[in-house]
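As given, the protein sequences belong to chains A and B, one line each in that order. Just so you know, we're using my numbering here: the first sequence kicks off at 1 and counts up by one. Just so you know, we're using my numbering here: the second sequence kicks off at 1 and counts up by one.
Any given hint could be a false lead.
Remember, identical chains collapse to one label, so a pair may be satisfied in a single copy or spanning two.
[As the list claims (entries may be wrong)] Below, a list of computed lysine to aspartate or glutamate pairs in the EDC-like style, where the Cα atoms sit at most 20 Å apart: (1) Lys388 / Asp309; (2) Lys391 / Glu313; (3) Lys10 / Asp167; (4) Lys68 / Glu53; (5) Lys2 / Glu160; (6) Lys285 / Asp88; (7) Lys388 / Glu27; (8) Lys342 / Glu27; (9) Lys68 / Glu325; (10) Lys68 / Glu161; (11) Lys56 / Glu189.
Hints are computed from structural coordinates only; laboratory data are not their basis.
Protein chains: 2
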Amino acid sequence: MKIENPTPIKWQFAQRAEQLQSSVIREILKITMRPDIISFAGGLPSPETFPVEHMKAAFDTVLSQQGKIALQYGPSDGYAPLREWIADSLSIPGVTITPDQVLMVSGSQQALDLLGKVLIEEHSKVLVETPSYLGALQAFSVYQPEFVSIPTDDFGLLPEEVAKIADGARLLYALPNFQNPTGRTMSVERRFALVETCARLGLPLIEDDPYGALSYRGEPLPKMLTMNPNGVIYLGSFSKVLTPGIRLGYVVAPVPLVRKLEQAKQAADLHTSQLTQMVVYEAIKDGFLEKHIPSIRTLYANQCQVMLDALTEFFPAGVTWNKPEGGMFIWVTLPEHIDCMKLLEESITQNVAFVPGAPFYANEPQKNTLRLSFVTVPPEKIREGVAKLAKLIAAKI
Amino acid sequence: MKIENPTPIKWQFAQRAEQLQSSVIREILKITMRPDIISFAGGLPSPETFPVEHMKAAFDTVLSQQGKIALQYGPSDGYAPLREWIADSLSIPGVTITPDQVLMVSGSQQALDLLGKVLIEEHSKVLVETPSYLGALQAFSVYQPEFVSIPTDDFGLLPEEVAKIADGARLLYALPNFQNPTGRTMSVERRFALVETCARLGLPLIEDDPYGALSYRGEPLPKMLTMNPNGVIYLGSFSKVLTPGIRLGYVVAPVPLVRKLEQAKQAADLHTSQLTQMVVYEAIKDGFLEKHIPSIRTLYANQCQVMLDALTEFFPAGVTWNKPEGGMFIWVTLPEHIDCMKLLEESITQNVAFVPGAPFYANEPQKNTLRLSFVTVPPEKIREGVAKLAKLIAAKI
């Protein structure tokens, strides 16, 4: 029983969807999955850091002891003991975060989508760093804002510039720790100045913090959330400290906003996997992360140093890069005339990949920039890849 | 380091978010979680049907054999072997569904959100059944459509009415098998007529099918997808045949739409848990569902019969209800003057809960209707609850 020769549908997409594109990065990643490619393009954490046995034991415990609850529908705001754990972990002397400020989401990318859905009107002004995290630009874009890029220097965004451009803005989005894509860290003074400025302007400040725990020195800087829990929306994630494939993150925000986000979450996918939340709670409740995270830091710090050494050794004069204090990325600036999108095409023929910087800019792209990730490539391959890339760049200078 | 006495933010929500409300049902569910309540309100499958040991074994196998892959980021369209399995399971002689038509999502509620995001413009006309699934109304509402209710009778929507109201419509949403909330089943003839009408009009037809496998007689009716794979968007779910707490569903649609949905999925949450998808594939690849689903059918058919018998025994004249051929719900119509929202208030004082029918109507609510779920309540409690409810209703007639 089948309709014969039906008229094919002319798909008419909503305006917000017409502009949606597949992420440049994910397209590059598809190419660079080939095993012969040395890929500095990934934003993926190193699988070496995944505590497979520990997770397996946690799944076993939860399914053995509370299987029927874990496999049933759960509450939209999330698994209560995990929300309590998160609230405790973010509280500091003098600043208490409560569990009703916490909403569990399916990775912090979903928090960005829900925040866009709830806060951004068509043509709303949204302030972002220059450059900013591509996933956030994509998530917000769906709601058709007007992005305004906040001027930055090597230490992140310039708080004193914010007031000049904030008129009518709906939110400010910042990634203060080891930013994706630049690896930059915002100083404590700038954090405080930014929080103060946003508080004065009544401007919601989103603090996206997936890498905060990955400081190579092991000393995380104070979170902006703790400087003003009534004005800062904090996004956390288990992707970089536990594993990303399970998709688990959280938003911490003032209660009126959290309740609205919870309603949006309910309409979007009812709730995040109850099993995943219970297993993560089981996996971390006895202090596992305190033992585990230092091993990730050490690995990434070593990998970072290998790449920094290789850059110093091989890259020609006229090329600059930062020295990250944590996280997964190095940001490289080439002489102005070099277009990194074209450089990528050439480097792929040499079996080396990276991510061009242009897509990370909300407004005028700086085409002579690129992002290098060092966490998943073995040291000898880092040296080989950097050397090849250096040769291609040198030929253009 | 904390801002002293910051100005509290006046939250300004986007227009689409202002109208978001918490689901009436989820609010009722919170009340009815009390163990002393006999709740016919739930839309939850029976935990008795959850194959806990089988899932535990599947988690163990996947984490033991492919742990690092399962815990890493995955592709936005989903785990390829599972997409292939789904495509195969939906293909019938003469109609081949291909894996590139399948997008994995975090429960079919997410499919509804993504479809709304991609297809619905503000003021777009969206055709829905009378009444319709509340979760779909909620998901679509975010994108501010104008709902038009398609006339229905006891056998579901009337295909001949569709052409009269379809002018300018962006999509038609239907739940043909054991509908939530009415338990109604659309006949094969009506399915075909509906598919034909939509094809003629070039109108995308969404076939939401979470309960399709739960036919009490074990004979599923033909899917509208197979009648016109170029015009039907099929939503499937593992929630009712395996477990809901893991949040796993899928959309099957023509390729141009799937690619757009994939982009929207990427912006919304990157991808659905890679681990969950690999585990579900591991759990079902060797024919598990074929053995497992009949046990769910038998349980639900028996529970349904207990409730039907109790309704016949206790409910007063003037009250009518349907006899479902599958699924989880019975729909009750009371004399017109009875408002079921008020009835619910009274019945909760008697420790019995149900869901009033009004919220399921996109336009004019029929307030004298209610939905009863029978799958999670033990037989003796079904009789007790129905008897109490009958007494309250009888007092109003």
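Tested hints:
Taking CA atoms no more than 20 Å apart as the test, Lys388 paired with Asp309 passes inside one copy only; the shortest distance there is 15 Å, against 78 Å between copies. Within a single copy, Lys391 and Glu313 get their C-alpha atoms as close as 12 Å, which meets the 20 Å cut-off; across copies the closest is 86 Å, which misses it. With identical chains, the CA atoms of Lys10 and Asp167 are at most 20 Å apart between copies only, with a shortest distance of 15 Å across copies and 41 Å within one. Proximity of Lys68 to Glu53 under the C-alpha cut-off of 20 Å is restricted to the inter-copy arrangement: shortest distance 10 Å between copies versus 23 Å within a copy.
For a Cα distance limit of 20 Å, the shortest separation of Lys2 from Glu160 across copies, 19 Å, qualifies, whereas the shortest one inside one copy, 65 Å, does not. Within a single copy, Lys285 and Asp88 get their C-alpha atoms as close as 11 Å, which meets the 20 Å cut-off; across copies the closest is 42 Å, which misses it. In the homo-oligomer, the alpha carbons of Lys388 and Glu27 never lie at most 20 Å apart, since the shortest distance is 22 Å inside one protomer and 60 Å across protomers. In this homomeric assembly, Lys342 and Glu27 come within 20 Å of each other (Cα to Cα) only inside a single copy, at 15 Å, whereas the closest approach across copies is 55 Å.
Taking the shortest Cα distances, Lys68 and Glu325 never come within 20 Å of each other, neither inside one copy (44 Å) nor across copies (27 Å). Neither within a single protomer nor between protomers do Lys68 and Glu161 lie at most 20 Å apart by alpha-carbon distance, with minima of 53 Å and 44 Å respectively. For the identical chains of this complex, Lys56 and Glu189 are neighbours neither inside a copy (42 Å) nor across copies (49 Å), given an alpha-carbon limit of 20 Å.
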